[in-house]
Structures are given as structure tokens and as C-alpha cells.
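With the first letter of the sequence shown counted as 1, position 102 gets the number 102 in my numbering; the numbers rise by one all the way through.
There could be a bad hint or two in this list.
What the hints assert, rightly or not - Dumping the calculated SDA-like pairs for lysine to any residue here, alpha-carbon to alpha-carbon at most 20 Å:
#, residue 1, residue 2
1, 64, 170
2, 64, 236
3, 64, 349
4, 126, 156
5, 230, 207
6, 64, 353
7, 64, 51
8, 230, 62
9, 230, 107
10, 126, 116
11, 230, 63
12, 64, 233
13, 126, 149
14, 230, 112
15, 64, 228
16, 126, 84
17, 230, 327
18, 126, 163
19, 230, 352
20, 126, 76
21, 230, 350
22, 126, 63
23, 64, 54
24, 64, 107
25, 64, 352
26, 230, 116
27, 64, 126
28, 126, 157
29, 230, 114
30, 126, 151
31, 126, 155
32, 64, 235
33, 126, 114
34, 126, 162
35, 126, 145
36, 126, 137
37, 230, 40
Stated by the list, open to error - Label pairs and their in silico Cβ distance ranges:
#, residue 1, residue 2, range
38, 200, 112, 19 to 27 Å
39, 15, 36, 52 to 60 Å
40, 166, 268, 37 to 45 Å
Just so you know, these hints were derived from the structure itself, not from any lab. A virtual CB, placed ideally from N, CA and C, is assigned to each residue, including glycine.
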Amino acid sequence: MVGNRKRRAFTLIELMVSLAIVSAMVGALLPAVQNARESARRTQCLDRLRQIGSAMHQHHGAQKSLPAGYRSSPTSDGLAPGGVLVDPQTWDAGPGWGWAAQILPYLEQAPMFDALHIDLPVWDAKNLELVAVETPTFLCPSSASDAGTFLVRNAAGDELNVQGVPVALARSHYVASHGQESCWGECGAAATAVVFTDIYRGATRRILVEGDASRVADGPFFRNSRTRFKQISDGLSQTLFIGEHTPRLSDKAWGGVVPGAVVHPRLQTPENGPDAAATLVLVHGGPSGGELDITGFPIIHPVNFPTMHVGQMASDHPGGGNVCLGDASARFVGEDVNLFTWAELSSMNEGEVAGVW
């Protein structure tokens, strides 16, 4: 006859050792899980950029040009005729529709586009509800926790009210390339800008702008741009079209530009200050005329450059960011990309063909 035996329980030491082993295993697995999730988000981001690139090509096929960086009816004197809203810095008037709004029909968003009153400004009362609608295609999954809407602000940082109503725009995490130069602030008959004639030697010259960004911009998207593929002489696969801009740095919109708006930084860096309304939808890669460091070297702004500012590309992906090129391909660009390679990719017709990157 077998007698009753006492069951041996875990000792406190054995329990603690077991918990330590489990904790170590979880700690080892957690980074792998996080990396797998970020890899999936980065892949989804690339897919969305490819969709945007494809929509750009469809727009070009239908309209014989790429969408304008943003649409404007710039005034010749900066005055507001008949109460029209005019930007005191750039002299831009309406309608302000950005590149993203213009490609909605080619992103399976035709009902949204048809509901917009494109003949009226972005900030018109008939459009305010629609331009505040979140559109997933324009959101990077790695930045998705910071989506929704934001209030447009003026130079003082206060809410920009149009006829007493604040303007709220839905965020976009994607921006269009203005090129190397950033000429969105120039206006007036006598306005001039310094542009680089040789980025490798830092050579510049001053040209008359007269409020026409096409005289300065060397990228595919700027005010009223309507660029054609044949104008992109550097090659579609060698020209940046679209890239990321993290909302941690500043707010961007898919709807467009509001005259009088100023983009204020959300993240403070040595170079990050307010910039013109055009940076709601556009950024530049540098170097922009007159931007030299203390050694006289042209300042170039690749993805996630340490001195990030509101007018450049930046992402929430570790180590770099995703971009869409002119041939509708999308790829990841490392933070360590060669500075001159980035500048060469930013321009579309400067004869600078980037090598392997």
C-alpha cells in the first residue's frame, strides 16, 4: 500500500529564477517584435508612396502635366481686391489647392474630389468640413498616432481666422519637392533671390524673381507649376517627387495653402523657425541660395538631418525615410546619404545625375 506523499512546491528562489528567465526571454523577443512591426509599417508607407506616384502619372496622362505644387492667383501688388484673402508675405491669393487634393480622383477618391468646391478657395465655408477629413493614403503608418487635424496659424502663432472662423486642415505626412531652392517667400516686382550656379563650389548669382517661382524653383512642384515630364531632363528615376515630413517637426496638409498662414515648428532645433504658407505642402532639399555654413559650404537638408526645419523632409522611421521618385518607384533613403547626391536628386533639370545611392 502506497502511503500519501507530500507534493513538493516551488521554493521562492526557484520561482524568482523562473521569472527572471521569462523576463529575459521577453526582453530578448520584444525588440525583434518591434522591429518586425516597424518593418511592416515602413513597407506600408512605401506602398502608399507608390500609389501617390502612380496617381501623379495618371494625372499627367489626363491633364498633360503634373499637378501644381499649389494653385494660386498671385496679386501684382499684394493688395486684397474686393476682400479677397491675400498673403502679406508672398502675395498669394486663392484658391490654394495643393498637389495632394489635385490627385484625389486617381487615388480612388473621386467622390471626395467631386464633393470639394474646387472653384472656391480651400478655406471657403463650403470646403472647411471636407478639407478636415483624414485621408489614410496621405498618412505614414509610423506617424499615424499623430494624424487628425490642426489649426492653421498666422505669423504671431495665433489661430488664422477667415471671416471669424478658424481654419482646420487634415494632416498629411507626405510633401512635394520644390527642388534645391526655397523661393516661396519672394514677391513683388523688384524681388530678387540668390540661387546656386554651382553647388559643388558654392557659386551663386542673384536673379529677378518678380513673384514668379518658376524663375527660381528647380524641382517639379511649386506655385502653379504644372511641370511636364519632358521638362525633367535629369530623368524621372533621378528626381525626387514626394517624401515624408513627420508631424513631430511641423504640420502639413493635403488640402493646400491658406494665404497668411505661417508654418510653425513643433520641434525646436537650431535651424527650425517659422516659414511661409507654401511649406504646408512643399519642402526643399537644399542648397538654397544664400544658405552657407560657417565654412562657406552649401547647406543641404537630407532626410532627418540633425538641424531639421519645417521646409525639409523628415520621417519617423529609424535611420532614414521613404521617398517617391518621378518614375513612381518608392524607396528608403538612409540618413547617411551623400549630401551632394541628395541635392542632385532634389533638382530636375540642373544636369546633375545622381549615381548609385
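Comparing the hints with the structure gives:
1. 64 to 170: The given pair, whose Cα atoms are some 28 Å apart, is violated under the 20 Å limit.
2. 64 to 236: Roughly 16 Å separates the two Cα atoms, so the pair holds.
3. 64 to 349: 19 Å, holds
4. 126 to 156: It is violated: about 27 Å lies between the C-alpha atoms, which goes past 20 Å.
5. 230 to 207: Violated, at about 25 Å.
6. 64 to 353: It is violated: about 25 Å lies between the C-alpha atoms, which goes past 20 Å.
7. 64 to 51: Holds: residue 64 and residue 51 sit about 19 Å apart, inside 20 Å.
8. 230 to 62: Satisfied, since the Cα-Cα distance of roughly 15 Å is no more than 20 Å.
9. 230 to 107: Given pair residue 230, residue 107 is violated - Cα atoms ~24 Å apart, limit 20 Å.
10. 126 to 116: 8 Å, holds
11. 230 to 63: 14 Å, holds
12. 64 to 233: 17 Å, holds
13. 126 to 149: 17 Å, holds
14. 230 to 112: The given pair, whose Cα atoms are some 31 Å apart, is violated under the 20 Å limit.
15. 64 to 228: 7 Å, holds
16. 126 to 84: 16 Å, holds
17. 230 to 327: Roughly 13 Å between the alpha carbons, so the hint for residue 230 and residue 327 holds.
18. 126 to 163: Given pair residue 126, residue 163 holds - Cα atoms ~13 Å apart, limit 20 Å.
19. 230 to 352: Answer holds: residue 230 to residue 352 is near 16 Å, not above 20 Å.
20. 126 to 76: Distance ~27 Å between residue 126 and residue 76 Cα, so the pair is violated.
21. 230 to 350: 14 Å, holds
22. 126 to 63: Not satisfied, since the Cα-Cα distance of roughly 26 Å exceeds 20 Å.
23. 64 to 54: Given that 20 Å is the threshold and the Cα spacing comes to 14 Å, the pair holds.
24. 64 to 107: Distance of about 18 Å is within 20 Å: holds.
25. 64 to 352: Roughly 25 Å separates the two Cα atoms, so the pair is violated.
26. 230 to 116: This hinted pair is violated, its Cα atoms lying about 31 Å apart.
27. 64 to 126: 29 Å, violated
28. 126 to 157: 25 Å, violated
29. 230 to 114: Violated. Residue 230 to residue 114 sits at ~30 Å, over the 20 Å cutoff.
30. 126 to 151: This hinted pair holds, its Cα atoms lying about 17 Å apart.
31. 126 to 155: 25 Å, violated
32. 64 to 235: 17 Å, holds
33. 126 to 114: 13 Å, holds
34. 126 to 162: Roughly 13 Å separates the two Cα atoms, so the pair holds.
35. 126 to 145: This hinted pair is violated, its Cα atoms lying about 28 Å apart.
36. 126 to 137: 23 Å, violated
37. 230 to 40: 36 Å, violated
38. 200 to 112: 19 to 27 Å: 45 Å, violated
39. 15 to 36: 52 to 60 Å: Taking Cβ atoms as reference, residue 15 and residue 36 lie about 31 Å apart, which means the hint is violated.
40. 166 to 268: 37 to 45 Å: Cβ of residue 166 to Cβ of residue 268: about 24 Å, so the range 37 to 45 Å is violated.
In summary, the numbered hints that this structure violates are 1, 4, 5, 6, 9, 14, 20, 22, 25, 26, 27, 28, 29, 31, 35, 36, 37, 38, 39 and 40.
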